[in-house]
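Residue numbers (our numbering), protein chains in the order written: chain A, 123 to 455; chain B, 147 to 424; chain C, 1325 to 1612.
Rather than coming from a laboratory, the hints here were simulated on the basis of the structure.
Please note: incorrect hints may appear among the correct ones.
[As the list claims (entries may be wrong)] Under 8 Å between C-beta atoms, here's a sample of chain B residues computed to sit facing chain C:
(1) Leu163
(2) Leu187
(3) Ser190
(4) Tyr230
[What the hints assert, rightly or not] Calculated from the model, a selection of chain C residues having no Cβ within reach of chain B, i.e. all distances over 10 Å:
(5) Ile1372
(6) Arg1415
(7) Gly1443
(8) Thr1550
(9) Asp1554
All residues carry an ideal CB built from backbone N, CA and C; glycine is no exception.
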Amino acid sequence: MSAGPIVSIAGVAKRFGTVVAVDGVDLDIQRGELFALLGGSGCGKTTLLRMIAGFETPDTGHVLIDGQDMTGVPPHRRPVNMMFQSYALFPHMDVAANVGYGLRREGLPASEIARRVGEALDQVRLGDHGKRRPAQLSGGQRQRVALARALIKRPKLLLLDEPLAALDRKLREGTRFELVRLQEQLGLTFVMVTHDQEEAMSMAGRLAVMNEGRIAQVGTPHEVYEHPRSRFVADFIGIANILPVDGGRAWLALRPEKIALFAARPSTDHAEQGCIVEIAYEGDRSLYRVALTDGSTLLVSTANIARHPREPWPRGQQVWLGWAADAGQRLEE
Amino acid sequence: MRLVIALPYLWLATFFLLPFALVLAIAFGVNNPDAVPPVDLGVSLKNFRLLFTDDLYLAAWLGSLRIAAASTVLCLLLGYPMAYAIARARPGLRPLLLMAVILPFWTSFLIRVYAWMGLLASNGILNQFLRATGLVDNPGTILGTEWAVHLGIVYAYLPFMVLPVYAALEKLDTSLLEAAADLGASPLVAFLTVTLPQSLPGILAGCLLVFIPAVGEFVIPDLLGGTGTLMIGKVLWDEFFLNSDWPLASAVAICLLVLLVGPIALFQRQQAKNLERQ
Amino acid sequence: MPGRARLPSPKRSRDVGTASPQSRFGFAQAGFAFTMLAFGYAFLYLPIALVIVYSFNESRLVTVWAGFSTKWWSALFANEAMLGAAWLSLRIALVSATVAAVIGLAAGYALARVPRFFGRTLFGSLVIAPMVMPEVVMGISMLLLFVGSDRLMGWPIRGFLTIAIAHITFSIAFVAVVVQARLADFDRSLEEAAMDLGATPWTTFRTITLPLIAPAVGSGWLLAFTLSLDDLILTQFVAGAQSETLPMRVYSSVRLGVDPQINALATIIMVVAACALIFSGWLTRRKA
């Protein structure tokens, strides 16, 4: 076992017919991290994941897992397991048979399989559901069975394809923490694909933002949010005002919450006067669209930390906007 | 994986494709009753010339097409409302209703045709019924007429019409009809402008599934039709088994195939399209 | 058995005709359709019912009721030629349905899962064509093949083997089509999950794909079995002088006119078919 990255992707490209799915990706994923591939539909994130699992073959480039070149290695010989978006539970087998499927392929003795299946089911709090069929389980239970089945072979790397997409909203939040807890407890490497930036930001240690088959930026959630390296990333993650600076030769990405509203001209590094044209009240915060005197508009968000009897900044109100010199990220593009 | 393709491929090439090459070769030969088998190979167009000039054969071609087309229409007229009613029945009831349509198909084809022989004979049950109720005083014999053949074809092939039409109607989103009604369409107009166009693929598939085998039908005209009912399948059979004219029977087979290439290709395209949609 | 067709209950507001207040016409439409359905069932089942009833008729005439009798049934069970033909047909149907199921499974799998191979378009047409080929055409062509190969190699002798080959050839299509359709809406990630968990392609097929498409293969087998048992035309061409299958026996009997023994035989066939279909329906419902 080497100490290098667990997954090393070098110069990988893949096209389907005339569609370029993955267009020259280089990426290292470190041991023990929870890594997220984030992007919109058709950005190539799922294809990349499937190339790690072995379901797709790269047209060019190499995928290394634990230092071993995986070119030509079929899925069933890779030290990797995957949790599918649809969970892909075998409908003709009960829960225990589903979870034990991978161990049976290794030809382990039945008693050993039964013991480890019991452990795996206990780990996902489904100890007494072994005899049920997948069709008899709730969505959350199915997700946990899929997780137990993928983890039982103790893979070097667990791939998760949209692990929470099929769950309803309330369940999703709790499951997020559970996945992170499990990953830390087992000390495994998780690579997950998601289109949900909130999910990626809150769970991943590092994430890669993908666009049109390429990686736009790799970094911690904090780096990607506060220091986007391109207009695409700034725009894709959260909300950003993108202002031209230096006469249009560069751009400034300015998050709405970094701007403050004032009744009179503030003493901040930058100050602009404008008029409130739209308000989106979201309860914990409000988002204002402010028209500046030069005709452009800016989005400003404020946290509603005090209980006002009525909207403190009504529509049509003349306001001042102020922000600090380091509030935005300069983009040379 | 190679075996998975090779096994059916070789089987069909040997037992399906190769025989057609033989039929083609024999069709250009000449009948020789003294040889075993009774064929002299050659390149004679005699058989084909006969098929297109002799009145008997021409009548058989036209008869086949006419009877098949008319039976297909009759089948659609009965089958469509049946499929429509099943698709509109309570969902729990539909499998049962559908099974009741398919059930006769699983019994013997020959016996289903046979069932009509007793019904349609001159002193058969249908005529007894007509006389007894006074509907018709002196009914003619239906057995032995083209009408009997129509009846037989509709009876034998009805499931092939109901199933594809039902499949098309069942997929129809009922909210489309509600939208049509909401936009001012009466139920009849909604049916004509929404339901009917949406079920066209099913109608086409059903019609082809009835028409194609009906053109080459042998058992039904043989048992229910009379000497005046000329259909090409029966001509082929008679040339082969009664006259032992293998080359002429082969030529009939080739022509029948050419005649049906259009409908068969249409059917295959339709099937492929359906599979893609899935 | 046909059961009375039921009008849609007014509770289901999604039914045509009950959707809007101005729905008199819709009711007329649905009423017409359900009347036709009832008529259709009568049309389908009355002839069959009469065949069954007249198998118990005292008279030889199928048109006159002369009292209850089981003598045609006794005659049928004493009819050696008929029983021999039935036995031959059953054996041929068993063999041909089983071989057709294997080859049809392979053909359906290739069509659904192998996107590109040499001559795929031809292969696709070859698989489906026997379904729509007029039987007289297939019959004459297969006979010519067997006669030709007999002249060249002295093989095969016409009889069981040639009939079975003919039945297999046209049954492959029916199995392949149901298998292909089942595989087309099969969740591919189930197979990927199996491979991901260490199953080789063959193990994946054996433990995941085959169990899940087994019902389709089973119904394909049943269809092939029924078609073989029922086939007259193709069989007549390739059977040769020595073998007589059940449909051949029935055909030569009914050509001479109605025969109450055939009514008795028809009754048996229909009861068996109905039981088999109801049983398989019950089986699928219990599974679901």
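Here's how the hints hold up against the structure:
no. : hint    : verdict
1   : Leu163  : 6 Å, holds
2   : Leu187  : 11 Å, violated
3   : Ser190  : 17 Å, violated
4   : Tyr230  : 5 Å, holds
5   : Ile1372 : 6 Å, violated
6   : Arg1415 : 17 Å, holds
7   : Gly1443 : 8 Å, violated
8   : Thr1550 : 6 Å, violated
9   : Asp1554 : 5 Å, violated
Checked against the numbered hints given earlier, this structure breaks hints 2, 3, 5, 7, 8 and 9; the rest are met.
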